[in-house]
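Asker: One-letter residues, chain by chain:
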Amino acid sequence: MERRKFLKNTAIAGSALMAAPYISKGKELIKFAPNGKLGLPDDDNIMIIVELFGGNDGLNTVIPVNDSEYYNLRPNIAIRGEDAIQWGDSNLYLHPALVSNIDNNGMIGMLDSGQLSIVEGVGYQNPNLSHFRSRDIWHSGIISNDPNEKLLEGWIGRYLSSKLDNFPFEIPEHPIAISTTGTMPLLMKSNIGHMGITLQNPSQQSLLSQNIKPIFPLAQGNSFFEQEYNFVHVIASQAAEYSKVISEAYDKGTNAIEYSNGRIAQSFSEISKLISGGLKTKIFYLGLSSFDSHVQQRNPDDPLDGQHPDLLNVLSSGISEFMRDMSAQGHAERIVGLTISEFGRRAYDNGSRGSDHGAGSMMFVFGHNDNLRGGRFGNPPNLSDLENSNLRSRPEEDFRRVYADFLAYWLGATQDEIDNLFGEAVDPIDVLIPRQASVKEYIVGGKEDGLKISPNPCNGTGVIEFTLIQRSKVELIIYSLDGKTNLKLINDRLNPGKYTSNFILNKSGQFTATAIINGRRYSKNLIVLK
Amino acid sequence: MERRELISSNSIREFFNEIFIDHKNVEFTSSLSPKSGTLDRRNALHLLRRISFQPTIKELEYFDGMEITEAVNLLLGDGNDDLPENASRLPNPDDYSETKSWYQNAIQSPSSAGALELKFELEGILKSRFRKTQDWIIRLAKEEDLTENPAREKLTYFLNSIWNIEFTYDTRSFNPPNLLLKNNNTLRKLRLGSYKDIAKEMTLDGAFLLYQSLQLSNKEAPNENFARELLELFTMGIGNYTEGNIKEASRILTGWRTAPFFNSKKPNGEFSTWFDPGAHDKTSKQFMGSIFSGINESENNEFKVRDNEVYKLIDVIFDVGRDAIAKFIATKIVKFFVYANEKDIDSNLVNSTSQSLIDNDFNLRSVYFELFTSEEFFDSKYYGVQYKSPFELIVGTSRSFDLSLETTEERNTMYNMEQVLYDPPDVSGWEQYRTWISTTTYPYRNSYLWGLVNKFDNQSIQQFIKDVPQWENPDLFFRYLFDYLTPINFIDERETYVVDGIVFNNTSNSNMTKANWQNLVDSSDPEILDRVKSAISVIIVSPDFQLT
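Protein chains in written order, with our numbering: chain A, 3 to 532; chain B, 2 to 549.
Warning: the hint list may mix true and false statements.
Calculated from the model, a selection of chain A residues having no Cβ within reach of chain B, i.e. all distances over 10 Å [to be verified]: (1) Thr185; (2) Tyr231; (3) Asp372.
Straight-line Cα separation of at most 20 Å, DMTMM-like style, residue types lysine to aspartate or glutamate; simulated pairs [as the list claims (entries may be wrong)]: (4) B:Lys333 / A:Glu151; (5) B:Lys333 / A:Glu398; (6) B:Lys143 / B:Glu62; (7) B:Lys283 / B:Asp345; (8) B:Lys220 / B:Asp345; (9) B:Lys344 / A:Glu151; (10) B:Lys36 / B:Asp403; (11) B:Lys120 / A:Glu151; (12) A:Lys215 / B:Glu377; (13) A:Lys215 / B:Asp493; (14) B:Lys344 / A:Asp148; (15) B:Lys133 / B:Glu149; (16) B:Lys133 / B:Glu122; (17) A:Lys152 / B:Asp493; (18) A:Lys254 / A:Glu477; (19) B:Lys456 / B:Glu496.
Computed Cβ-Cβ distance ranges for the label pairs, DEER-style [as the list claims (entries may be wrong)]: (20) B:Ser112 / A:Ser70: 32 to 38 Å; (21) A:Pro302 / B:Thr408: 39 to 45 Å; (22) A:Gly38 / B:Asp380: 43 to 49 Å; (23) B:Ser112 / A:Lys215: 21 to 27 Å; (24) B:Ser112 / A:Pro397: 54 to 60 Å; (25) B:Ser112 / A:Asn150: 57 to 63 Å; (26) A:Pro36 / B:Pro35: 35 to 41 Å; (27) B:Asp345 / A:Leu489: 55 to 61 Å; (28) B:Ser112 / A:Pro43: 34 to 40 Å; (29) B:Glu410 / A:Glu443: 55 to 61 Å.
No lab work stands behind these hints, which were simulated from the structure alone. Keep in mind that this is a model prediction, so the values were computed, not measured. By construction, the Cβ of each residue, glycine as well, lies at the ideal position given by its N, Cα and C atoms.
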């Protein structure tokens, strides 16, 4: 891929623009305000989204080496057992391109250190095998096969726009979201405008953005023309404004490791510099395309040679290098990320040594091991139970459940907000663990006064009370210090509100009541005197 | 289960499933209302910018005042004006002698070439020819003269933006651009014809066979890539076909090959499509309720299979899906030529255009004529609401000022603005509309415009001024300048700023007055020319210059 060159043309042409009095000093119509003041979560969490466009072949990513059906269905492209790389002594085998020739064994190294989860079987019901419709479904988080329903807003765009009441008149002074592709993905679009910016050359940003700030104000009306004019105006103003913060962060930031040459690794190295230089962007999006492996997916003589292995290799290099860099610079616990792809491939291969579009695939989720339940999640493919020659997707592995983790545990969304965002209830799949430092309380009163036990001490019967702030996964347990009692009172997802739970304990002693809410523990001692 | 079994049991089930797809005829009640009268400067600009690119001043003057129907007839032409085989129709044949020579001649297949260095060298040649192909297309658009010839290039670009082909040179696919030049000329030739014929031609087009993997598809394992895109992106749109339809169509489409390299088999000559009977599935197929009977060996030849299977497939698609296709293509026409905003798209306009497609049996010239002479098209709410693609920005701005950057610089700048002709991001093409403008592309767009303005020397500014009719009157000149360069001139403040604040600001030089304007220009006064250059810069680097 060519490195982008820019034209050194940006100079004032002709005589000086000397006519200041002729421009009205009218109100500055776009105001840039500190990010934390605009209703966005005021923490330093960062989320990374990597899109594998074209439909990544999940069956040739995590290899079902113990399933003979895999080899029956894919005589031309299957990865042989001896070529796949086993994780420890588990039954998880990865494509060798995710591991070989990568420092620290790429994704196997990440699995070893708890920095990687693999969510299998993800998809949605009645899968659409059009790249474009399915991509729109993944970007919007709206599962609709009705072609008349236009999917024009992304789930990130909708969420962020719900936090920015006065956009575009007030805009965060650091971009909230950045796409490292040249054009804005649907993901970040919303009905009030684009919630992110695109950025490809942070090193050249300030040079490129000279003399682009519009001189005349936004249009006041709402005609088609004025809407489009204002759209361009906002982009131009953002390009001018953000070039400063971006250049500043980029110049200040460093990489602690050397990145490989792949496209995605280079984008990761730039993101790393921006993060280490102090840019307050919360969401970064990267795209890697050419996963549409209809033909010549791999070289039959060498599992590491071919377009699909090349892509897996640059992907694994990029992600693992980025996490090493972030760890070395002390930013790793701020980062979680995921990969998305509009679908997988057909279970059987085609005659062109490739594979056609198919439903059901897998996602990588990565991050610091404190924030991630590493290893294998979801539903490994069952090749003996296909649906129209495709992997079956079960509602339990709705891809949006992974999004819900990011929203609930990383971006500060309440369960109500999540349900509203997707138009139906979507529970987190719990692959992420909320970051302790950034967590707000889930129950009124927090750790100190959240659980109320009365009476305490008691004679064996009593009530535990708490008030849930947002829809959450709740476990309420009483256990004795000797470990002999373990009484589970609640294990459910609950809506916000006040809850009371009666208990009966039939012996004296010291107990602890613990509520585990979205992984966060609230405990209170309880004494029973019989 | 065996793979073959899996496919066939599946396709039978799908065959029965598809009866549940409702192909009922939709009644498109509205129709376009013809507009009569003559063009004035404003609607002439609107028409020319949509049917072609930003016009030259000469073109604007030619059409300003003309009867609308006459103008549209002239602009569309009859479609017989140029045939791709006729190389002398390429503009400036001398400049393209090199293009013409490689256009006719294939090179060796890099994948069969031995040494690595040789492969790199061959790929280098392919890549450089690919760039020449792009340059050729850009140049055709820039040099189009609508006072002499019909508006070919925008209409060709429209079809090209539907029938997308993506030739890239970083995926080891060794694509010969000769096929693209051929493809582009086919679209140019058919631009006013029946959309059905375009579908037939494109299905067997060499560049498509290669790009959409039909080249490798065979009866043992048909490749579904093209069949899916044919239904989804080029004709019906999603929701109108089943996975079973795709499987059957891909069986119908087995056996077609192109001849990309000199060491390829080429029974029909260089770069020509041919048929390999051994790769074609002769057994019977069922597609959208039509039976394609099994054939014997004597029928398994290029012409019979083309007519009885490939062309029949397209005919069945258009018979069964007529209304869906009409709506799908009408939506593309409205988005491309009127307003690309999908959210606020006018469903009456789409319905009327759909009805026009049906009434005219998908003949594009008739549909274009009805659209471009309609009241709806000239509704002033659509003036200036379209985004210039990088291609349109470069072609249009170059045409406005008769200025261009170096070809290489122009190509790089288009790449930076996220458009490489014949290399869109994917088979669905460029997303267009607001996606063209981002914090990445906007600075490059601006930088390109500054670069172009900086190419203005005194002589070319003077020439530009004098091309404007009645330029001698400064008020009329600046009125014209704003009309001509902006999508709609809506910022009064800017006009004051430019005219009084820049050009006739006599605080530093008392000569710079409206009274002296004609003399100053006639005598090539460097300061006035420089000030006009500043005035032009202020206009073209404003956000609205991205719209048309």
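Asker: Taking the hints in turn, state whether each one holds.
Answerer: Hint check:
With a closest Cβ-Cβ approach of about 5 Å to chain B, threonine 185 (chain A) is found to fall inside the 10 Å limit, against its non-interface label. Residue placement check: tyrosine 231 (chain A) does not keep its beta carbon more than 10 Å from all beta carbons of chain B (closest about 5 Å). The claim that aspartate 372 (chain A) is not at the interface with chain B holds, since no C-beta of that chain comes within 10 Å of its own (minimum 34 Å). Simply put, lysine 333 (chain B) and glutamate 151 (chain A) have alpha-carbon atoms about 17 Å apart, close enough for the 20 Å limit, and the pair holds.
Restraint check for lysine 333 (chain B) and glutamate 398 (chain A): the C-alpha separation of about 38 Å exceeds 20 Å, so the hint is violated. With a C-alpha separation of about 18 Å, the suggested pair lysine 143 (chain B) and glutamate 62 (chain B) falls inside the 20 Å cut-off, and the hint holds. For the hint pairing lysine 283 (chain B) with aspartate 345 (chain B), the CA-to-CA distance comes to about 48 Å; that exceeds 20 Å, so the pair is violated. Of the supplied pair hints, the one linking lysine 220 (chain B) and aspartate 345 (chain B) is violated, its CA atoms being roughly 45 Å apart against a limit of 20 Å.
Using a Cα cut-off of 20 Å, the hinted pair lysine 344 (chain B) and glutamate 151 (chain A) holds, with the two alpha carbons roughly 10 Å apart. Taking the CA atoms of lysine 36 (chain B) and aspartate 403 (chain B), the gap is about 33 Å. The hint is violated against a cut of 20 Å. About 47 Å separates the Cα atoms of lysine 120 (chain B) and glutamate 151 (chain A), which puts this hinted pair outside 20 Å; it is violated. Annotation: proposed proximity of lysine 215 (chain A) to glutamate 377 (chain B) is violated, straight-line Cα distance about 35 Å (limit 20 Å).
A distance of roughly 19 Å separates the Cα atoms of lysine 215 (chain A) and aspartate 493 (chain B); the hinted pair therefore holds under the 20 Å criterion. Only pairs whose Cα atoms come within 20 Å are accepted, and lysine 344 (chain B) paired with aspartate 148 (chain A) is accepted, the gap being roughly 16 Å. For a cut-off of 20 Å, the pair hint linking lysine 133 (chain B) to glutamate 149 (chain B) is broken: about 25 Å separates their Cα positions. Between lysine 133 (chain B) and glutamate 122 (chain B) the alpha-carbon distance is near 17 Å, which keeps this suggested pair within the 20 Å criterion.
Between lysine 152 (chain A) and aspartate 493 (chain B) the alpha-carbon distance is near 37 Å, which puts this suggested pair outside the 20 Å criterion. This hinted pair does not check out: lysine 254 (chain A) and glutamate 477 (chain A) have alpha carbons roughly 45 Å apart, beyond 20 Å. Distance hint between lysine 456 (chain B) and glutamate 496 (chain B) is unfulfilled; the C-alpha atoms sit about 24 Å from each other, more than 20 Å. For serine 112 (chain B) paired with serine 70 (chain A), a C-beta distance near 33 Å keeps the hint of 32 to 38 Å intact.
A hinted range of 39 to 45 Å holds for the C-beta pair proline 302 (chain A) and threonine 408 (chain B), which are about 42 Å apart. The given range of 43 to 49 Å is respected by glycine 38 (chain A) and aspartate 380 (chain B), whose C-beta atoms sit roughly 46 Å from each other. In this structure the supplied range 21 to 27 Å is violated for serine 112 (chain B) paired with lysine 215 (chain A), their Cβ-Cβ distance being about 50 Å. Between serine 112 (chain B) and proline 397 (chain A) the beta carbon distance is about 45 Å. The supplied range of 54 to 60 Å is therefore violated.
Between serine 112 (chain B) and asparagine 150 (chain A) the beta carbon distance is about 44 Å. The supplied range of 57 to 63 Å is therefore violated. A C-beta distance of roughly 57 Å is found between proline 36 (chain A) and proline 35 (chain B), which places it outside the suggested range of 35 to 41 Å. One distance hint, 55 to 61 Å for the beta-carbon pair aspartate 345 (chain B) and leucine 489 (chain A), holds here, with the actual separation near 60 Å. Judged by the Cβ atoms, the range 34 to 40 Å given for serine 112 (chain B) and proline 43 (chain A) is violated: they are separated by roughly 52 Å.
For the hinted restraint 55 to 61 Å between glutamate 410 (chain B) and glutamate 443 (chain A), the CB-CB distance of approximately 58 Å keeps it satisfied.
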